[in-house]
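Visitor: This is what each chain is made of:
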Amino acid sequence: MSTLHEFLSRWAGPARWVGLGGAVLVMVAAFLPWAYLPAALDNVTYYGEPSILQWLGFALGFVTAACLVASPILAAKASPRTRRLLNLNRGATAAATASLVYQAIAAIAVALELGGLITLEPGAWLGVVGAAVAALATRALHAGSDARLRYLPTPAWAQILGIVVVLALVLVAAAYGLGLEDPGAFVAFGTFCGLAAWVLARVGIMGWISAAAAANRSALVLASFVVAFVFPFTQNGSDANMSIAAGVLIFAATAMGLNIVVGLAGLLDLGYIAFLGAGAFTAATLSESAFATLGWHPPFPIVMLIAGCVSALLGLLIGSPTLRVSGDYLAIVTLAFGEIFRITMNNLDGSDGPNITRGSNGIPAIPNLDVFGFNFGESHVIAGFDIGRFANYYWLLLLVLALIIVVFVNLNKSRIGRGWVAIREDERAAEAMGVNVFGLKLLAFAGGAFLAGVAGSVKAHVDVSVTPDQYVFMESAFLVAGIVLGGMGTVGGVLVGAAILKLLPEKLRFFEDYRLLLFGLLLIVMMRFRPEGLLPDQRRQLEFHAEDDELAEEADAQALPDLATAGAALSATKEDRA
Amino acid sequence: MLEVKDLAVSYGRVQAVKGISFTVEQGQIVSLLGTNGAGKTTTLRTISGLLRPTSGEVLFEGKRIDTVPAHQIVTLGIAHSPEGRRLFPRMSVEDNLLLGAYTRRDAAGIREDLDRAYALFPVLGERRGQAAGLFSGGEQQMLAIARAMMSRPRLLMLDEPSMGLSPIMTTTIMNTIAELKASGTTILLVEQNAQAALALSDRGYVLEVGAITLSDTGAALLEDDRVRRTYLGVD
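The listed protein sequences derive, respectively, from chains V and R. Residue numbers for the first sequence follow full-length UniProt numbering, beginning at 1 and rising by one. Residue numbers for the second sequence follow full-length UniProt numbering, beginning at 1 and rising by one.
To be clear, the hints were calculated from the coordinates, so they are not data collected in a lab. One or more of the hints may lead you astray.
Stated by the list, open to error - Derived EDC-like pairs (lysine to aspartate or glutamate); straight-line CA-CA distance at most 20 Å: (1) R:K5 with R:E208; (2) V:K413 with V:D426; (3) R:K181 with R:E3; (4) V:K507 with V:E288; (5) V:K413 with R:E208; (6) V:K413 with R:D95; (7) R:K181 with R:D95; (8) V:K413 with R:E94; (9) V:K507 with V:E181.
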């Protein structure tokens, strides 16, 4: 790799022109057909009329070319300070590599969907070849140092504008992506979104955005909430997509609750889904379903509270004996607990004991919520937009998620949160500081369980029926995977991780059989290249990466005189003895 | 202030401390000396409630504390800066200090003590937002002491504060300990660096394989032949 780079870097000058040529080929390819038949990638068969996915390919080629052209101009004309704001060479390399990945995935998707490479039209080939040329040539460019755009002093309004633009793009991308029926098109688009974020990070723009986000927390939170709130209006009353979105929110809310247990307190809970299930079963048995086994039907807000308490109680019950064991043992015990819960729910069918859950049949026909005269099952028209059943639940779930996030953030900042982090870092030292280790662990466990129970009570009504087989071990594993993928102990990261893990299987039904294999691979790749998660804690990341080298140098510089004096002291004692 | 009576502690079948007794008077610095495995750290961990004695008593200000859980002992007024410093390396300096004050609820008083810690150790104040693990050994020791002081203890127990430090840093830390004494804190010090510890101490106890073999004032122990031979490397 490095010898290849050395070889290439001798050709940095010509490489720029070769790379530019490759980028132009990629752009031209967008105007040529990619596939022989319209069935693949939402029809990419026209001459001169690129589809949206082809325009995205064009965009990557264009960014490559723009970076290649602008980089020498910037180097020649701009002051050294301005020049260092962006890293256009890195941007060119990233954009060209992204182009290659994107074109290749598009070509593979076409070939798979239509049956063989023979179905690829010249545009697809030209795109792959052009991108490959550009990707190889741009490797010869001088990589340079990190872009400094993140340190550029920016007025608050510009930062907020940046946040709003980014979130608007996220909304448009989410609306468009959810609307894609074709699996190949969905994969290609999803890949494009990931690649685009990566290219922006390499150029230095992502750094600016995260700095802006860090400086304007409340604006970010407000804007995110508004974007999430208006999302149903982009779906033209499509209940299919809104049901997926509601599923994502349930998953995210549960993951956020687990984030307290795993991310803050550091307790690996592999049976967390049981608490969601306990909440769902509680809500189901208290609902007005004809199959509900209890005759009591309190109003839903109270059911929510009861569901939370039942889960919390279960948390205390399982936590008080097991939280004295730590690490791997806790994982094993909670894993077993998750299974015990599922089997118990299966067995509470009245054949040998009380009938509470109706066994493996579960409790079906749970009616829609009717809170304060608002029926969640009815469609509405708001400002000309159709708002269906799932959109109603989506908003309710958004509220629940917001509540859980508020709890999480406040706990994280509080004295209790600090105690949890201390336990996670070093349990014995925390104990020596006067942290009530067992008590705090139990609180994390029961608190997390309470939040899952609340989420479960809504889930029961969204899903209409509650059965034990919805709460299997794999679901717990996915929750943990979502947290690890996004960034343990963060809010944004866990939301992103949960969205990815829930969205992919919903949209990609065809790879159901390989789902676990792919997630396994995804996690391995993550652990290798970005162990801190997709959106890690900003402060912690800084402490781990940015300052390491600088501090190591400083420490070395200080250590040298220390050694010198130590040496002098040693020789002095020797002389004394002599 | 602190009275340890016939204290015995075991790890399973291995008896680490075999019935030792000593006292720490208000305002004193008392040192426990001895080689590795003599039982010094075990003694401190038992006083702070992290270990339970098999027999014997620990009395603090006249009350028995050997059955009190660890997290309540801090509230009683004993702070323990454990062996190897045991900072929270990935948390910031400020968070480490705030954890030292975990048992306290008076926000204003904590703020005041934070400022005092930063005044005592300016290097901590300058880099209060940085992760504790990025500091040098001496700076980490300062942080460990500052963190222990954040609970406003009446008795401060320090386990090998000079471990792994350069001679200059050791001197700095020992001067800090003397300052803490001057400001009214009682200190129970565990050290392998007998010279440095005894020079500060009002009283010293020498532990060998779990039992106290010598005890005297610090100055007297510094002159004692056996101490000089075994711990000070003087023939």
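Visitor: Each hint needs a verdict: does it hold in this structure or not?
Guide: To see whether the hints hold, each was checked on the structure:
no.	hint	result
1	R:K5 with R:E208	holds (17 Å)
2	V:K413 with V:D426	holds (19 Å)
3	R:K181 with R:E3	holds (19 Å)
4	V:K507 with V:E288	violated (33 Å)
5	V:K413 with R:E208	violated (46 Å)
6	V:K413 with R:D95	holds (11 Å)
7	R:K181 with R:D95	violated (25 Å)
8	V:K413 with R:E94	holds (13 Å)
9	V:K507 with V:E181	holds (8 Å)
Comparing the model with each earlier hint shows violations of hints 4, 5 and 7; every other hint is respected.
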